[in-house]
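Start from chain A and add chain B according to the hints.
Residue numbers (my numbering), protein chains in the order written: chain A, 332 to 541; chain B, 332 to 541.
Some hints could be false.
Chain copies aren't distinguished; within one or between two, either way the pair holds.
Only pairs whose alpha carbons sit at most 25 Å apart, straight line, appear in this in silico PhoX-like list of lysine-lysine [claimed, not checked]:
1) Lys450 <-> Lys495
2) Lys529 <-> Lys503
3) Lys482 <-> Lys363
4) Lys532 <-> Lys450
5) Lys363 <-> Lys503
6) Lys482 <-> Lys523
7) Lys448 <-> Lys503
8) Lys448 <-> Lys346
9) Lys495 <-> Lys347
10) Lys482 <-> Lys450
11) Lys450 <-> Lys390
12) Lys503 <-> Lys532
13) Lys508 <-> Lys450
14) Lys347 <-> Lys529
15) Lys450 <-> Lys523
16) Lys448 <-> Lys495
17) Lys508 <-> Lys390
18) Lys441 <-> Lys529
19) Lys441 <-> Lys346
20) Lys441 <-> Lys532
21) Lys363 <-> Lys353
22) Lys347 <-> Lys390
23) Lys450 <-> Lys529
24) Lys346 <-> Lys390
25) Lys495 <-> Lys346
26) Lys450 <-> Lys347
27) Lys523 <-> Lys353
28) Lys495 <-> Lys532
FYI, nobody ran anything at the bench for these hints, they're computed from the structure.
Here is how the chains run, residue by residue.
Number of protein chains: 2
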Amino acid sequence: MNNYIESLQWRYATKKFDASKKISEEDLNALKEVIRLSASSYGLQPYKVLIIENDDIRKQLQPVSWGQSQIVDASHLIIFCNEINVNDDLIDNYLENVSNTRGVAIEELKDYGDFMKSKITPLTSDAKINWAAKQTYIALGNLLSAAAQLKIDTCPIEGFEPDKYDEILGLKEQGLKSTVAAAIGYRSSEDKTQFFAKVRKSTQELFNTI
Amino acid sequence: MNNYIESLQWRYATKKFDASKKISEEDLNALKEVIRLSASSYGLQPYKVLIIENDDIRKQLQPVSWGQSQIVDASHLIIFCNEINVNDDLIDNYLENVSNTRGVAIEELKDYGDFMKSKITPLTSDAKINWAAKQTYIALGNLLSAAAQLKIDTCPIEGFEPDKYDEILGLKEQGLKSTVAAAIGYRSSEDKTQFFAKVRKSTQELFNTI
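The following block holds chain A by itself, in its conformation from the complex (with noise of 0.2 Å):
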C-alpha cells in the first residue's frame, strides 16, 4: 500500500511529454487489462476504449483539444466513448456473456436482467449518456494509478470538443460517444509542472467521520 500511494504522489498530469518514448508492448497490454478489469454498475461495461496510435488522426484531434500538444507527443492517447444507445441489447449482451462465462442457461438469468432493464430503461436518454459516461470515470482512475505503479506518466484530458472527436473518429455511427481522454508515455525533462507541489485538500477538508 505504501508504494501505492507512494505512486500516486509520483504521478501528476503530464503537461509535456517526451515524444520520443513509445511504451512497451507488454506494459500497454497490462494497462489494458487493467481497464478491461476495472468494476461498473451491474458490470455492463457500457462503453469502448479506443488506443489511438495513427500520427495523422491525432494531428487532427489536437486542434479540437485546447491545442494541448499531449494530444500528438505522448506514447498513446486513450479515449473513453459511452455507448449512447444504452438499451435491453446492452444488457441481453451481458447476460449472454455471464451465460457462457458461468456456464449458466440463460433463462436462469431472465428475472436478473429483467430486473437490470426495469431500472436502466426507464431512465431519459440524458440520463442514461451520463450514467454510461460516469462509468468510464472508474476505468480512467484506474487507469491513472496503474500507470503510475509502472512509472508511466499520464494526463487525463476533459479539454476536448467532444463532438469534433465524435465526428473525426466516426464514433455517431458506432453508436458511441466521446466522454474522456487520457494521453500516456513518458515525460519530458523539460516538462516544469512535474517539479510543482501537489494540490490537495487536506484529509479534514475532504472528509466527514460519522
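Only chain B this time, still in chain A's reference frame:
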C-alpha cells in the same frame, strides 16, 4: 503490476459482508489517502467524502438503498458527495490552496483562475453537477483498486435514492449531493457470489486500436 492485476481479479462486488470484521484504522487511513490523492478535473476535487460508521444512520439508509445488507453489514460505508454550487468560490478556494502549497503569490494565479472560471462558470447547473459527479468516480475507481491490494472487499453502490440520502444526511444544507457509495469491509464466507467467475467484455470487444 502482476500484483495490481491479480488484485483486480480477486475483487468482486461483495454482496454479503462479515459484519463482525472491522477495517483497521491504519488501513482506513491509507484508503482515505488514496481518495485524497485521486485526480480530478483541474485538481479541483469538487466533492466531499462521508465515512459512515454510525449504526443508526446506516439503518436509516438501508431501506432507501434497495434494502441492501451491505449498507449495515460492511465495516464502513463511504459516500461520495459532489458539490452542488460549482462556482467561482470553488476555484478561488483552490487557488488559495495552490498559493499556500506552492508558495506562489495569489496574483500570479489570476490568469489561470480566470481560465478555469471561463470554462466552468458558463456551464448549465445540470452540466456542473454531472461534471462534479464524474470526478467522484475517479476516486471511487481508485478506492476499489487500492482496497483490493489490501485484500479489503468493496461493493460500489449506485442503487440508492440520492434525494433520501441527502435528506437523512442533511447534505443539501451543506451544498452537497450524494453521488455514489461504496461499502468496504470483509466478505462473509457465506457470500456465494465470491465464487462466481468474473464477467468482462473480451479485449477484442472492448478496445479498438487505431
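These are the hints, each one checked on the structure:
no.	hint	result
1	Lys450 <-> Lys495	between (32 Å within a copy, 17 Å between copies)
2	Lys529 <-> Lys503	neither (38 Å within a copy, 30 Å between copies)
3	Lys482 <-> Lys363	both (16 Å within a copy, 22 Å between copies)
4	Lys532 <-> Lys450	between (35 Å within a copy, 21 Å between copies)
5	Lys363 <-> Lys503	within (23 Å within a copy, 39 Å between copies)
6	Lys482 <-> Lys523	within (18 Å within a copy, 37 Å between copies)
7	Lys448 <-> Lys503	within (24 Å within a copy, 30 Å between copies)
8	Lys448 <-> Lys346	between (42 Å within a copy, 20 Å between copies)
9	Lys495 <-> Lys347	within (23 Å within a copy, 45 Å between copies)
10	Lys482 <-> Lys450	neither (40 Å within a copy, 31 Å between copies)
11	Lys450 <-> Lys390	between (41 Å within a copy, 23 Å between copies)
12	Lys503 <-> Lys532	between (38 Å within a copy, 21 Å between copies)
13	Lys508 <-> Lys450	both (22 Å within a copy, 21 Å between copies)
14	Lys347 <-> Lys529	within (17 Å within a copy, 38 Å between copies)
15	Lys450 <-> Lys523	between (48 Å within a copy, 24 Å between copies)
16	Lys448 <-> Lys495	between (32 Å within a copy, 23 Å between copies)
17	Lys508 <-> Lys390	within (20 Å within a copy, 39 Å between copies)
18	Lys441 <-> Lys529	between (49 Å within a copy, 19 Å between copies)
19	Lys441 <-> Lys346	between (49 Å within a copy, 19 Å between copies)
20	Lys441 <-> Lys532	between (46 Å within a copy, 20 Å between copies)
21	Lys363 <-> Lys353	within (15 Å within a copy, 33 Å between copies)
22	Lys347 <-> Lys390	within (16 Å within a copy, 50 Å between copies)
23	Lys450 <-> Lys529	between (40 Å within a copy, 22 Å between copies)
24	Lys346 <-> Lys390	within (17 Å within a copy, 46 Å between copies)
25	Lys495 <-> Lys346	within (22 Å within a copy, 41 Å between copies)
26	Lys450 <-> Lys347	between (43 Å within a copy, 22 Å between copies)
27	Lys523 <-> Lys353	within (21 Å within a copy, 43 Å between copies)
28	Lys495 <-> Lys532	neither (34 Å within a copy, 27 Å between copies)
In this structure, the earlier hints numbered 2, 10, 28 are contradicted, and the remaining ones agree with it.
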